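J.: Sequence:
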Amino acid sequence: MVMAISKYGEKAPAAPANALERMQLCGFSAGDMEDYWQARGSDHATFFIAGQTEAPQDSVRLWKTYADNHPDGSAPDLTPQPTGNCVAAAVEEVIELLQLCEIAAGDAESYRPLFNPYHYATGRVLVGKNKLRGGAGSIGGWQAKALETHGVLYLQDILPQYNKKNVDAWGDDRKAAGQSFRDYMEVASKNLVRSTSRIDSMGHIFEALSSKYPLTIASNTGYNMLPGRDGLHRVNGNWSHQLQVWGYGRAKNWIAIKNQWGDVHGQVFDPETGEPWPRGFICAYLDEFERRHFRGSETISYSRFDGYPEQKYDHSRWA
-17 MVMAISKYGE KAPAAPANAL ERMQLCGFSA GDMEDYWQAR GSDHATFFIA GQTEAPQDSV
43 RLWKTYADNH PDGSAPDLTP QPTGNCVAAA VEEVIELLQL CEIAAGDAES YRPLFNPYHY
103 ATGRVLVGKN KLRGGAGSIG GWQAKALETH GVLYLQDILP QYNKKNVDAW GDDRKAAGQS
163 FRDYMEVASK NLVRSTSRID SMGHIFEALS SKYPLTIASN TGYNMLPGRD GLHRVNGNWS
223 HQLQVWGYGR AKNWIAIKNQ WGDVHGQVFD PETGEPWPRG FICAYLDEFE RRHFRGSETI
283 SYSRFDGYPE QKYDHSRWA
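Position one of the sequence shown corresponds to residue -17 (the numbering used here), numbered consecutively onward.
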């Protein structure tokens, strides 16, 4: 298995050492979620990929697409988030994966790592109207809307260091290392995500991942930190947290969830092939995920930069 390479090098934040540190990285503001989606109303795009005639695949593993198309052949990034910016950190990884999925599809795209403090700030400050000022966190809907209206910011040498102090500063509309996130709005606005959609059925999850459209999922549901004897992680406890969904296997009842806490979830072996998965992944039971994690969650699909072009699957039968 190829190794993950942190885009921040030796300056990357450290993985949380204990349960207290992990809880301080949870930053999903569930109380604001439904109010936002109800207020957004018809402005929210319904998930639909037109012109497709085939059922979703039985299993999907997008980390293979990531490694096969990454310029370094790297496994998915393991950089831990430094504060409660989980919503933006998950979006960052999803958009980087999306770039590599576009490359795999033959699109004229290149891999460019993102700087998620910009997305954290535009979501919290501009879309969320600074409602959470003074505390960490956000909601997926704010972040999704921010990518549609304020774009993505690619990683550059002149940006502030990725650490708790600087991420919190931008998230509260303060300067970090003498810079404001507003300094980058003009350049980032050239890189808008065409559309995002809230997913409301497991069939849409299968359809999105089969068509290589990655997903974020935020809820108050947590997992055991390490897999059990059967190699899978069980739902356990409460995490007000956003993660990513990278794959599934319906025959063997598993779903692949990626976290942003670094190498803290043990070694996972594929339930079907026995191959080792990249580090940082949770392998959960698909039916348990649907029953206890997906319901009541905020699951969002991200289109390509030119929208949701036709693939080859008809998701309507799974709605």
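Just so you know, these hints were derived from the structure itself, not from any lab. Note that the structure is predicted; figures quoted are calculated from it, not measured. In this text, a Cβ means the ideal position worked out from N, Cα and C, and glycines have one as well. Don't take each hint at face value.
Here are the simulated DSSO-like cross-link-like pairs (lysine-lysine), alpha carbons at most 27 Å apart as the crow flies [stated by the list, open to error]:
1) K111 - K(-11)
2) K157 - K113
3) K147 - K111
4) K(-7) - K147
5) K157 - K146
6) K46 - K194
7) K(-11) - K172
8) K111 - K46
9) K234 - K194
10) K157 - K(-11)
11) K157 - K194
12) K(-7) - K146
13) K111 - K146
14) K146 - K(-11)
15) K157 - K147
16) K113 - K147
17) K172 - K194
18) K(-11) - K46
19) K(-11) - K234
20) K157 - K(-7)
21) K157 - K172
22) K111 - K172
23) K(-11) - K194
Distance windows between CB atoms, simulated [unchecked claim]:
24) A1 - K172: 21 to 27 Å
25) L208 - K(-7): 23 to 29 Å
26) G116 - E257: 29 to 35 Å
27) D50 - N235: 22 to 28 Å
28) G13 - A87: 35 to 41 Å
29) G256 - E168: 25 to 31 Å
30) S162 - E257: 43 to 49 Å
J.: Can you confirm whether the C-alpha distance between K113 and K147 stays at or below 27 Å?
T.: Holds, at about 19 Å.
J.: Hint says 22 to 28 Å; check whether the CB-CB distance for D50 and N235 agrees.
T.: This hint holds: roughly 26 Å between Cβ atoms.
J.: State, for the Cβ atoms of L208 and K(-7), whether the hinted interval 23 to 29 Å holds or is violated.
T.: Given about 28 Å between the Cβ atoms, the range holds.
J.: Hinted pair, alpha-carbon criterion (27 Å max): K(-7), K147. Please report holds or violated.
T.: Roughly 14 Å between the alpha carbons, so the hint for K(-7) and K147 holds.
J.: Is the hinted pair K111 and K172 satisfied, with a Cα-Cα distance of at most 27 Å?
T.: holds (22 Å)
J.: Taking 27 Å as the top limit, are the C-alpha atoms of K157 and K147 close enough?
T.: holds (10 Å)
J.: Verify the proposed pairing of K157 with K146, using a straight-line Cα cut of 27 Å.
T.: holds (13 Å)
J.: Please work out if K157 and K194 have their alpha carbons no farther apart than 27 Å.
T.: Answer violated: K157 to K194 is near 36 Å, above 27 Å.
J.: Does K46 lie within 27 Å of K(-11) when you go C-alpha to C-alpha?
T.: holds (19 Å)
J.: At the C-beta level, are G13 and A87 separated by a distance inside 35 to 41 Å?
T.: Given range 35 to 41 Å: holds, Cβ gap about 38 Å.
J.: Is the distance from the Cβ of G256 to the Cβ of E168 consistent with 25 to 31 Å?
T.: About 50 Å separates the Cβ atoms of G256 and E168, which means 25 to 31 Å is violated.
J.: Assuming the hint says 43 to 49 Å, is it satisfied by the Cβ distance from S162 to E257 or not?
T.: holds (45 Å)
Checked against the numbered hints listed earlier, the structure breaks hints 1, 8, 11, 19, 24, 26 and 29; every other hint is satisfied.
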